[in-house]
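*Asks:* Residue-level listing of the chains:
There are 2 protein chains.
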Amino acid sequence: MAADPVPSGAADATLPPPVPVYFVAEQTGISAEAMGNALLVQFPDVRFERHRIPFITSIAEARKAVEILDAAMKGPRQPLVFTTIADDTISGVLRSSRAPIIDFVSSHLGQLERILGSRALHLAVRVHGVQDQERYDRRMQAVEYAIEHDDGESLRHYDDADVILLAPSRCGKTPTTMYLALQHSVFVANYPLVPEDLETIDLPDPVRKLRTRCFGILTTPERLSEVRNERRPDSVYASIEQCRWELKRAEIMFRAHRIPTVNSSAKSVEEMSTVILQHLAKA
Amino acid sequence: MAADPVPSGAADATLPPPVPVYFVAEQTGISAEAMGNALLVQFPDVRFERHRIPFITSIAEARKAVEILDAAMKGPRQPLVFTTIADDTISGVLRSSRAPIIDFVSSHLGQLERILGSRALHLAVRVHGVQDQERYDRRMQAVEYAIEHDDGESLRHYDDADVILLAPSRCGKTPTTMYLALQHSVFVANYPLVPEDLETIDLPDPVRKLRTRCFGILTTPERLSEVRNERRPDSVYASIEQCRWELKRAEIMFRAHRIPTVNSSAKSVEEMSTVILQHLAKA
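Protein sequence lines, in the order shown, are assigned to chains L and P.
In this text, residue positions in the first sequence follow our numbering: the first is 1, and each later residue adds one.
In this text, residue positions in the second sequence follow our numbering: the first is 1, and each later residue adds one.
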C-alpha cells in the first residue's frame, strides 16, 4: 500500500530510522510517486517510509499538508517531499513548509513553455481522471475482455484480441493480461497450453488462424516448478521434469511458428508488457 | 497504447502538426511517461504524439535513440524528450542529441544527495522490476485473488480480503478491484448487490460479519443506465427507474451500516482506488 515502508531487510535497532517521504498532489499522487520512486531507487542504502497526501485542492488542505510536513521535520530524519502541484497558489502554500520540496512540475514548466512557445495552465489538471469518456470506456472494456478471456475461459471472441498470450499454466499470463488491459487498453486474450496441446508442434485450434497476434511467455523450469508447487505441492504437474518438458515443447512450438516470446522468470509484468507493446508497435 | 496520439478532437488539416514526444528510459519508460504526462496536461491546446524508447542500456542503443531524436528535429515541430536515465555515460550520449531534453533524474539527484547526505548510484536501476520476489509474488497473488473473487464468484475466502467492494451491477467494481490488486497488492473481493439483496436494509449474508472491510461504490442513475444499456439494451435492468431504485436502496444500506462510499460516475479507477487506499490507511 502507499504508506508501506520499503522492504529493507529485518528490523534492526541499530539501523538509522527511515526517511519519511511524502507525495503531495492535487489529484491521486500517482505521478508524484512514480517520479519520486525513480529517484529514491538511486539510494539503495537509505530506508524510506512512503506516504501519499492526495487531493490537495484548496488553501485549507494545503495548510493541513504543511502541518503534517512541519511535524515530520521534528522527527529524527529530515523528510522528503515530492510534489506535482501545478496551481501557483496551492504550490505557494506548500512552499511555506520548512521541509525540502522537490517540485517536479514547476521546476520544468518554464523550460517546456519556452520550447512549446505556449503558456501552461498553472492549474490542477486530472492526469489520471476520466477525461475522455470514450477512451476511458474502451479501457474498461479491455479489462472486461481480459477477464472474460482469461485462461481460455471463452474462446468465442479471440478474433477481437489485439494480442493472445500463449504459455503453459502458471507462466504469468494472467497478471500480464490484466496489466496490458488496465494500463494500455489492449484487448488481450490468453490461452493456456495444456500438455495435450504440447504433444504436437501445431498451434491449438482456437488460435491457429491468429498466429500473427500470438505472443509466447516462457520461464525457467525451476521458477515454474516453484510457482506450481505452491498450488499443488509434490504433484507431477509441479515436478521439474514436467515443467522442463512443457517449456521445451512450448519453445519448439513458438519457434516453429515464429511467435515472439518473453521470459517471465526475471521480468515484472510492467517489463513484459513493455516488451509486448514494443512488438505490437512494430507489427 | 504508448505511441497513440493524444485525443485532440477531429482531424483537421488546418491544425498545426502534433509535437512529437519521446520517453527515453533505461527500463520500461513508465516513470518517464508518468512524469512527462503530468507536465503535458498543462498544455491542453497543444497536440502531442507520444513514443516510448525503452530499455536503453548501452552506448550503442543510446546512439540509436539519438538518431531517432535528431531525425525528429527535422520535422515540422520541435520534439520533446523526457528521460529518467540515471547512468552518467548513457545520459551523456543522450545529451549529444540536438533535441531538447527534460531530464527528471539528473536534474533532481544533486538536491536529493545533499538532503540525504548520501551519494546516488548514478546507474540504471529497475524501478518496475521484480526486485523483492516475495513482495512481487504477493502482488501476483492479489491479482489471482481478485479474479477468483470477482463479482461474488467464490464466497469462500472473503475472510482473507483487505477490502470488499459492494455495489449494484455495473457500477465499476471490477476494474477498481483489478487496479487495487495489480498496483497496490491489496486483496480485494467484490460482491454484487442484486435486487434481492436490496429489498432489505441488512447486509448480505456473505459479508455481514465483515462490515468494517466493506466499501460501497455508487454512481448516478443516468450513468448506470447508460452502461447497462450497452450490455442489455432496453431491458428493465437498464431502465432509469430500476437504476434509480437500486442506487437509492444501496445508499440506504451503506448509510445504515456506516459503510464508506465513493461515486464512480466521474472518477477514474485510479481516483477511486486512491480514495479507498486513503480510507484503509486511516482504518
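Careful, some of the hints might be misleading.
Identical copies go unnamed one by one, so any copy, or any two together, can satisfy a pair.
As the list claims (entries may be wrong) - Under the rule of at most 27 angstroms between Cα atoms (straight-line distance), these lysine-lysine pairs were calculated in the BS3-like manner:
hint : residue 1 : residue 2
1    : K248      : K74
2    : K282      : K209
3    : K64       : K248
4    : K74       : K209
5    : K248      : K209
Think of the hints as simulated: they come from the structure by calculation, not from any bench.
*Asks:* With reference to the structure, classify each hint as holding or not holding.
*Replies:* To see whether the hints hold, each was checked on the structure:
no.: 1; hint: K248 x K74; in the structure: neither (59 angstroms within a copy, 47 angstroms between copies)
no.: 2; hint: K282 x K209; in the structure: within (20 angstroms within a copy, 52 angstroms between copies)
no.: 3; hint: K64 x K248; in the structure: neither (59 angstroms within a copy, 34 angstroms between copies)
no.: 4; hint: K74 x K209; in the structure: neither (65 angstroms within a copy, 41 angstroms between copies)
no.: 5; hint: K248 x K209; in the structure: within (23 angstroms within a copy, 48 angstroms between copies)
The structure is inconsistent with the numbered hints 1, 3 and 4, although it conforms to all the rest.
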